[in-house]
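Chemist: Chains as they are written, first to last, in the numbering used here: chain A, 1 to 216; chain B, 1 to 216; chain C, 1 to 216.
Each hint can be trusted.
Same chains, same names: a pair is fine if it fits in one copy or spans any two.
For lysine-lysine, the following BS3-like pairs were computed, each having C-alpha atoms within a straight-line distance of at most 30 Å: (1) 33 <-> 209; (2) 33 <-> 156; (3) 34 <-> 156.
I should point out that these hints are in silico values taken from the structure, not numbers from a laboratory.
Here is how the chains run, residue by residue.
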Amino acid sequence: MQPADALTHALPVVEAAATLAFAASGLVAGARKKLDVVGLCVVTTLAAFGGGTLRDVLLDRRPFYWVEHPVWLWVILGLCIAATFVLRKRGLATQLAITERAIQWPDALGLGLFTAVGTQLALAQNLPPIVAVLMGVITAVFGGVLRDIACNEVPKVFSDHQPYAVCAFFGGWVAVAGHQLGWPAEAALAASALVTCVLRVAAMLSGLKLPGWRGQ
Amino acid sequence: MQPADALTHALPVVEAAATLAFAASGLVAGARKKLDVVGLCVVTTLAAFGGGTLRDVLLDRRPFYWVEHPVWLWVILGLCIAATFVLRKRGLATQLAITERAIQWPDALGLGLFTAVGTQLALAQNLPPIVAVLMGVITAVFGGVLRDIACNEVPKVFSDHQPYAVCAFFGGWVAVAGHQLGWPAEAALAASALVTCVLRVAAMLSGLKLPGWRGQ
Amino acid sequence: MQPADALTHALPVVEAAATLAFAASGLVAGARKKLDVVGLCVVTTLAAFGGGTLRDVLLDRRPFYWVEHPVWLWVILGLCIAATFVLRKRGLATQLAITERAIQWPDALGLGLFTAVGTQLALAQNLPPIVAVLMGVITAVFGGVLRDIACNEVPKVFSDHQPYAVCAFFGGWVAVAGHQLGWPAEAALAASALVTCVLRVAAMLSGLKLPGWRGQ
Chain A
1 MQPADALTHA LPVVEAAATL AFAASGLVAG ARKKLDVVGL CVVTTLAAFG GGTLRDVLLD
61 RRPFYWVEHP VWLWVILGLC IAATFVLRKR GLATQLAITE RAIQWPDALG LGLFTAVGTQ
121 LALAQNLPPI VAVLMGVITA VFGGVLRDIA CNEVPKVFSD HQPYAVCAFF GGWVAVAGHQ
181 LGWPAEAALA ASALVTCVLR VAAMLSGLKL PGWRGQ
Chain B
1 MQPADALTHA LPVVEAAATL AFAASGLVAG ARKKLDVVGL CVVTTLAAFG GGTLRDVLLD
61 RRPFYWVEHP VWLWVILGLC IAATFVLRKR GLATQLAITE RAIQWPDALG LGLFTAVGTQ
121 LALAQNLPPI VAVLMGVITA VFGGVLRDIA CNEVPKVFSD HQPYAVCAFF GGWVAVAGHQ
181 LGWPAEAALA ASALVTCVLR VAAMLSGLKL PGWRGQ
Chain C
1 MQPADALTHA LPVVEAAATL AFAASGLVAG ARKKLDVVGL CVVTTLAAFG GGTLRDVLLD
61 RRPFYWVEHP VWLWVILGLC IAATFVLRKR GLATQLAITE RAIQWPDALG LGLFTAVGTQ
121 LALAQNLPPI VAVLMGVITA VFGGVLRDIA CNEVPKVFSD HQPYAVCAFF GGWVAVAGHQ
181 LGWPAEAALA ASALVTCVLR VAAMLSGLKL PGWRGQ
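All chains should be modelled from the sequences, with the hints used to inform the complete structure.
Modeler: This is the structure in C-alpha cells:
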C-alpha cells in the first residue's frame with residue numbers, strides 16, 4: 001500500500017474520531033452548565049462544526065460540512081438525547097471528568113487535522129499565508145470558542161494558558177511551507193496535521209504553560 | 001373567500017404581531033439588564049431579526065428581511081426610545097412581568113410562522129430535510145439566543161427546560177412532509193406553523209418540562 | 001494642495017491611528033480579564049476588525065480589510081506578544097487606566113472614520129438610508145461589542161450610558177445626506193467623519209449621559 005493510499009484510508013477514521021471528540025467536549029461543557037437537551041444539542045453542534053462553519057462563512061464557501069454530511073446532525077442529536085438519560089443517573093462530575101480525560105487524545109488528532117484542512121482551503125483561494133494560518137486556527141479552535149460563548153463562559157482557549165491554539169498556529173505554517181515548496185497536497189496535509197498534533201501532545205505531557213500575568 | 005386567500009390576508013397580520021412579540025422579548029431582556037437605549041435597540045433588533053438574519057447568512061441569501069422592510073428598523077428604534085421613557089417611571093419589574101406574560105401568545109404564533117418559513121426557504125435550496133428543519137429552528141429560536149448572548153446570559157432556550165425549540169423541531173418536519181408529499185407551499189406553511197404553535201401552546205398550558213439533571 | 005489631496009494624504013494616518021486605538025481597547029479588555037496571549041490576540045483582532053468584518057459578512061463583500069492588508073495581523077500579533085511581556089512587569093491596573101485614557105482621542109477619530117466608511121459602502125450597494133446608517137454604526141461599534149462578548153462581559157457600549165453609538169448614528173446620516181445631495185464621496189466622507197468625531201468629543205468633554213433607569 002502506497003503512503004497516499006494509507007492516508008486516504010486513515011483520513012475518514014481520524015476525521016470521525018476527531019469530530020466525536022470535539023462533539024463530546026460540547027456535551028461536557030453543556031452538562032457542566034446543566035443545559036437542557038436543546039442547549040446540549042446546540043453547544044455540541046457548535047463544538048463539532050462551529051469552527052469549520054465560521055471559516056466557511058468567512059471564506060464564502062458552501063456547502064458546509066454538515067450540509068454535505070447531514071447524517072452527522074442525526075449522530076449529534078442521538079448523542080445528546082442519550083446523554084440526558086445516561087448522564088443524569090450517576091455521579092455526574094466524575095463522569096464528565098473521565099470523559100474529558102478520554103477525549104484529550106482524539107481531540108489532539110482533531111486539532112491537527114482541522115488546522116491542516118482549514119489552512120489548505122484558504123491557500124486554495126490564494127489568500128495570504130498569515131490569513132491561511134488564521135483560517136486553520138479558526139477551523140480547529142473556534143468551535144470551542146463558540147461553545148464556551150453559548151455557555152456564557154470566558155472561552156477556555158483564551159484563558160487556560162495551555163498551548164492549544166499556539167500548536168495550531170505553528171502547525172498551520174507547515175501547510176503553508178508545503179504549499180510553497182510544491183509538495184503534493186496530501187503530504188502537506190499529513191505533515192501539518194502531524195506537527196500540530198505532536199506539539200499538542202508534547203504540551204499535554206510536559207505540562208508547559210503560556211506566560212501568565214503577575215502584575216495587578 | 002378561498003382558504004389560500006384567507007391565508008394571504010392573515011399572513012401579514014400574524015407576521016407583524018409575531019415580530020412585535022419577538023422584539024418585545026428583547027426589550028424585556030434589555031430592561032432587566034438595565035441596558036441603555038443603545039443596548040435596548042441592539043437586543044431588541046437581535047430578538048426580532050437575529051434568527052432570520054443568521055439563517056440568511058448560513059444559506060447565503062440576500063436581501064435580509066429588514067433590508068427589504070427597513071420601516072421595521074424605525075419601528076424598533078421608536079419602540080426602544082419610547083421604552084426608555086415609559087419604563088423608567090413606574091414599577092419596572094411588574095411592567096416587565098406583565099409584558100412577558102402578554103407576549104407569550106403572539107410569541108407562540110411567531111415560533112410557528114418563522115419555523116415554517118425558515119424550513120421552506122431551506123427546502124427551496126434543496127437542502128437535506130434535517131438541515132431544513134435546523135434552519136427552521138434557527139429562524140424561530142436563534143433571535144432569542146443572540147439576544148441572551150448580547151445580554152451576557154446563558155440563553156433561556158438552552159436552559160429553562162421548557163419545550164420551545166422542541167416544538168419548532170417537530171413543526172419543521174411537517175413542512176418537510178408537506179414538501180415531499182407535493183402539497184401546495186401555502187398548505188405546508190400553514191400546517192407546519194399550526195402544528196408548531198399548537199405544540200407550544202399545549203406545552204405552555206400543561207406546564208410540561210424537558211427532562212432535567214439529577215446527578216452531581 | 002487641494003482639500004481632496006490633503007484628505008488623501010491624511011486618510012491613511014487617521015486610519016492607522018484609529019485601528020491601533022481600537023486594537024488597544026482590545027488589549028486593555030483582555031488584560032483586565034487576565035486572558036493569555038491567545039485570548040489577547042483574539043479580542044484585540046476582534047476589537048480592531050470585528051466591526052468591519054461583520055459589516056462585510058452582512059453586505060456579502062469580500063475581501064475583508066485584513067485579507068487585503070495582512071500586515072495588520074502581524075502588527076496585532078506583535079503587539080499582543082509584546083504586551084504579555086511588558087504589562088506583566090509593573091502595576092497592571094495603572095497601566096491599563098493610562099492606556100485607556102490615551103486612546104480616547106484616536107478612538108474618537110476611528111468612530112468617525114469607520115462610521116463614514118461603513119455608511120458609504122452600504123450606500124454604494126443602494127441599500128435604504130436607515131440600513132446604511134446601521135452598517136456605519138456596526139462598522140464603528142461592533143468590534144467593541146464582539147470584544148466584550150468574547151470577554152464574557154455585557155458590551156460596554158450597551159450599558160455605560162455614554163453617547164458613543166449615538167454619535168455614530170447621527171454622523172451616519174451626514175453621509176446619507178451628502179450622498180443624496182450629490183456631494184463628492186470624499187466630501188461626504190469627511191463631513192460624516194467630522195460630525196461623528198465632534199459629537200463624540202463633545203460628549204466626552206461635557207460628560208453627557210444617555211437617560212438611565214430609575215424604576216425597579
